[in-house]
Amino acid sequence: MEEMEEELKCPVCGSFYREPIILPCSHNLCQACARNILVQTPESESPQSRRASGSGVSDYDYLDLDKMSLYSEADSGYGSYGGFASAPTTPCQKSPNGVRVFPPAMPPPPTHLSPALAPVPRNSCITCPQCHRSLILDDRGLRGFPKNRVLEGVIDRYQQSKAAALKCQLCEKAPKEATVMCEQCDVFYCDPCRLRCHPPRGPLAKHRLVPPAQGRVSRRLSPRKVSTCTDHELENHSMYCVQCKMPVCYQCLEEGKHSSHEVKALGAMWKLHKSQLSQALNGLSDRAKEAKEFLVQLRTMVQQIQENSVEFEACLVAQCDALIDALNRRKAQLLARVNKEHEHKLKVVRDQISHCTVKLRQTTGLMEYCLEVIKENDPSGFLQISDALIRRVHLTEDQWGKGTLTPRMTTDFDLSLDNSPLLQSIHQLDFVQVKASSPVPATPILQLEECCTHNNSATLSWKQPPLSTVAADGYILELDDGSGGQFREVYVGKETMCTVDGLHFNSTYNARVKAFNKTGVSPYSKTLVLQTSEGCNFETQSASYSQLVDIKKLLAVAWFAFDPGSAHSDIIFSNDNLTVTCSSYDDRVVLGKTGFSKGVHYWELTIDRYDNHPDPAFGVARIDVMKDMMLGKDDKAWAMYVDNNRSWFMHNNSHTNRTEGGITKGATIGVLLDLNRKTLTFFVNNEQQGPIAFENVEGLFFPAVSLNRNVQVTLHTGLPVPDFYSSRASIA
Numbered sequence: 000m001e002e003m004e005e006e007l008k009c010p011v012c013g014s015f016y017r018e019p020i021i022l023p024c025s026h027n028l029c030q031a032c033a034r035n036i037l038v039q040t041p042e043s044e045s046p047q048s049r050r051a052s053g054s055g056v057s058d059y060d061y062l063d064l065d066k067m068s069l070y071s072e073a074d075s076g077y078g079s080y081g082g083f084a085s086a087p088t089t090p091c092q093k094s095p096n097g098v099r100v101f102p103p104a105m106p107p108p109p110t111h112l113s114p115a116l117a118p119v120p121r122n123s124c125i126t127c128p129q130c131h132r133s134l135i136l137d138d139r140g141l142r143g144f145p146k147n148r149v150l151e152g153v154i155d156r157y158q159q160s161k162a163a164a165l166k167c168q169l170c171e172k173a174p175k176e177a178t179v180m181c182e183q184c185d186v187f188y189c190d191p192c193r194l195r196c197h198p199p200r201g202p203l204a205k206h207r208l209v210p211p212a213q214g215r216v217s218r219r220l221s222p223r224k225v226s227t228c229t230d231h232e233l234e235n236h237s238m239y240c241v242q243c244k245m246p247v248c249y250q251c252l253e254e255g256k257h258s259s260h261e262v263k264a265l266g267a268m269w270k271l272h273k274s275q276l277s278q279a280l281n282g283l284s285d286r287a288k289e290a291k292e293f294l295v296q297l298r299t300m301v302q303q304i305q306e307n308s309v310e311f312e313a314c315l316v317a318q319c320d321a322l323i324d325a326l327n328r329r330k331a332q333l334l335a336r337v338n339k340e341h342e343h344k345l346k347v348v349r350d351q352i353s354h355c356t357v358k359l360r361q362t363t364g365l366m367e368y369c370l371e372v373i374k375e376n377d378p379s380g381f382l383q384i385s386d387a388l389i390r391r392v393h394l395t396e397d398q399w400g401k402g403t404l405t406p407r408m409t410t411d412f413d414l415s416l417d418n419s420p421l422l423q424s425i426h427q428l429d430f431v432q433v434k435a436s437s438p439v440p441a442t443p444i445l446q447l448e449e450c451c452t453h454n455n456s457a458t459l460s461w462k463q464p465p466l467s468t469v470a471a472d473g474y475i476l477e478l479d480d481g482s483g484g485q486f487r488e489v490y491v492g493k494e495t496m497c498t499v500d501g502l503h504f505n506s507t508y509n510a511r512v513k514a515f516n517k518t519g520v521s522p523y524s525k526t527l528v529l530q531t532s533e534g535c536n537f538e539t540q541s542a543s544y545s546q547l548v549d550i551k552k553l554l555a556v557a558w559f560a561f562d563p564g565s566a567h568s569d570i571i572f573s574n575d576n577l578t579v580t581c582s583s584y585d586d587r588v589v590l591g592k593t594g595f596s597k598g599v600h601y602w603e604l605t606i607d608r609y610d611n612h613p614d615p616a617f618g619v620a621r622i623d624v625m626k627d628m629m630l631g632k633d634d635k636a637w638a639m640y641v642d643n644n645r646s647w648f649m650h651n652n653s654h655t656n657r658t659e660g661g662i663t664k665g666a667t668i669g670v671l672l673d674l675n676r677k678t679l680t681f682f683v684n685n686e687q688q689g690p691i692a693f694e695n696v697e698g699l700f701f702p703a704v705s706l707n708r709n710v711q712v713t714l715h716t717g718l719p720v721p722d723f724y725s726s727r728a729s730i731a
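Using numbering that gives the first Met the number 0, the letters of the sequence shown map in sequence onto residues 0 to 731.
Hints were generated in silico from the structure; no laboratory data involved. Idealized CB from N, CA, C, for every residue including glycine. Be a bit skeptical, because a hint or two may be false.
If you anchor each label on the Cβ, the simulated ranges turn out as follows [as the list claims (entries may be wrong)]:
(1) A335 / K358: 15 to 23 Å
(2) D610 / T498: 35 to 43 Å
(3) L428 / T507: 17 to 25 Å
(4) D350 / F311: 24 to 32 Å
(5) E5 / E448: 51 to 59 Å
Build the full structure now, drawing on both the sequences and the hints.
Written out as structure tokens, the structure is:
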């Protein structure tokens with residue numbers, strides 16, 4: 000019932016109605032408030048003058064609102080009589096309910112009569128503070144308005160229901176429930192506060208204490224009266240005038256203005272209007288129920304919007320962070336290539352400096368020796384050695400003339416970073432507008448942080464936008480042919496991640512995805528550019544090995560790390576699984592993550608730690624190789640084991656090809672697996688170690704290492720084969 004309270008309050012004073020009267024516009028006012036907002040009108044607009052001129056049609060005459068502007072939505076908060084020069088300007092105020100009211104131009108004269116009986120100023124006008132309709136009162140004044148006894152009864156019941164929860168007005172902290180009310184003090188007391196603040200002695204002994212419910216009602220309401228006729232105050236209503244839509248008494252029917260009107264029994268019309276009001280309330284109740292459900296939906300939307308906003312922001316931050324991480328990783332890779340090129344150039348130039356220095360020292364020595372020989376005066380002795388010296392001088396001169404004085408390396412770096420496509424993509428990075436009401440699914444979003452390439456395979460991941468409300472039945476992934484050709488479908492299904500194998504090495508693929516449901520398909524996602532590992536498989540069909548081929552353009556350059564999942568439990572990993580050592584004194588095996596069955600592949604391992612002269616082994620192995628013994632002890636591995644002085648090749652525990660030259664800390668071991676020629680070759684510090692280690696190797700091989708706790712190695716992948724191996728690519 001608390002929601003009804005605003006209906007029970009006067010729009011002028013903001014309190015519960017006291018002796019409410021009904022205006023012709025059907026709105027209610029307290030009788031005292033109605034008197035307070037009366038305004039006196041000019042004499043020429045009085046009801047008597049209007050009836051005398053034949054223009055009066057009612058006991059209550061509404062003013063011409065075109066002439067009178069007591070309220071305007073465009074004004075500045077003031078109302079005035081715009082049509083009368085004698086009317087003073089009257090400020091417009093607001094009641095506690097927020098409704099504009101118009102106080103009288105001057106205070107009413109003092110009177111000792113009740114508001115109902117006190118005389119009103121002559122030619123008074125009243126304006127409804129709710130609908131702002133104005134009317135001029137007749138000689139009866141406010142007595143001409145009927146009293147709303149029904150509203151009084153509703154207010155009585157409402158206040159009695161609220162009285163049960165009345166609290167003490169003098170408790171300092173948590174108010175207790177009131178037990179009595181003093182009619183003279185108009186204060187509610189609990190028992191402790193009554194004994195302390197209102198003792199029954201002295202002048203307070205004569206005060207009347209009543210129960211809270213009775214006191215709340217009796218302090219402001221007079222006894223209920225039966226509704227009487229406004230024209231005949233001594234007569235009760237007995238009939239209902241259908242034309243005027245108001246209750247009337249029998250005198251109104253006999254001698255009043257309702258004598259010729261259609262009337263009906265008061266009780267019958269009462270029941271009829273109650274039935275009509277009930278039916279109207281049923282429709283309004285349905286609308287109120289729908290409104291409550293709609294409010295629940297809106298509140299749920301507020302929570303969903305907040306949750307989706309947090310998820311969307313997190314998704315955006317994650318996507319941007321993934322882009323930044325990918326750029327940093329690529330930056331590190333590019334810097335590594337620059338550093339490698341830098342070291343390579345320095346090594347070539349320093350080697351040429353060393354070679355040239357030795358050659359120059361030898362040439363200078365020969366020149367000085369020849370000058371001393373020329374100084375000799377013995378002709379026969381001179382002629383004995385002159386021919387040999389002349390040949391040596393010419394030979395030395397020829398050696399200087401074969402490009403020896405030409406730098407083998409340029410100072411320029413033949414590297415150029417093309418970042419314009421990436422910058423353009425960053426500038427074009429924007430949100431895709433998604434219509435939640437669209438019957439087709441929203442455009443999928445490629446998750447860049449999970450998309451990657453590995454050798455000649457590509458893994459792509461995608462998801463629906465966070466705010467998408469249309470479900471997708473599946474997705475269609477498309478790739479082009481790696482040469483900018485047409486797209487083709489490579490996956491159709493419900494999964495949001497797919498790995499595509501068998502792509503070309505050193506190729507650029509464009510990938511896109513779209514969603515579909517029973518209604519149709521979504522637009523394509525943004526195109527993602529993928530780059531497979533550099534190079535391609537070295538396969539020849541009609542070409543003969545007798546031809547000289549450029550192997551560096553035909554090699555598969557693969558990037559991989561050690562595999563913790565298949566390694567022995569004693570192996571210790573670090574540096575993103577690129578560095579390994581062991582916790583045991585016995586040899587343990589670890590494999591690489593990538594297996595090879597075609598092409599030419601080369602990788603290196605640097606010796607980070609080498610204590611007590613152990614003999615680690617390097618090579619390739621099957622996936623099911625024994626992990627608790629030295630590499631090459633079984634028939635699943637092909638390896639070279641090496642100590643600080645020499646090395647051996649080993650397969651199936653057979654040791655062959657002892658070769659002088661060992662390893663120390665900082666040494667580099669190179670492994671070249673040429674599956675096109677079916678050979679396995681090893682290198683130590685960029686020099687081939689012995690002959691070709693193994694031939695006729697076929698099948699699937701994984702890079703492999705065995706070591707104990709005295710050794711630590713780091714893996715380097717994605718490397719081209721050594722230059723001298725390329726120069727030997729002519730095979731008879």
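Inset, instruction - Return holds or violated for the Cβ distance of A335 and K358 against the range 15 to 23 Å. - result: 34 Å, violated
Legend entry - Hint check for E448 and E5 - Cβ pair distance inside 51 to 59 Å: 56 Å, holds
Legend entry - Range hint 24 to 32 Å (beta carbons of D350 and F311) holds or violated: Given range 24 to 32 Å: violated, Cβ gap about 58 Å.
Inset, instruction - For D610 and T498, compare the CB-CB distance with the range 35 to 43 Å and indicate the outcome. - result: 42 Å, holds
Inset, instruction - Determine whether the Cβ-Cβ distance between L428 and T507 falls within the hinted range of 17 to 25 Å. - result: With Cβ atoms ~20 Å apart, the hint holds.
In summary, the numbered hints that this structure violates are 1 and 4.
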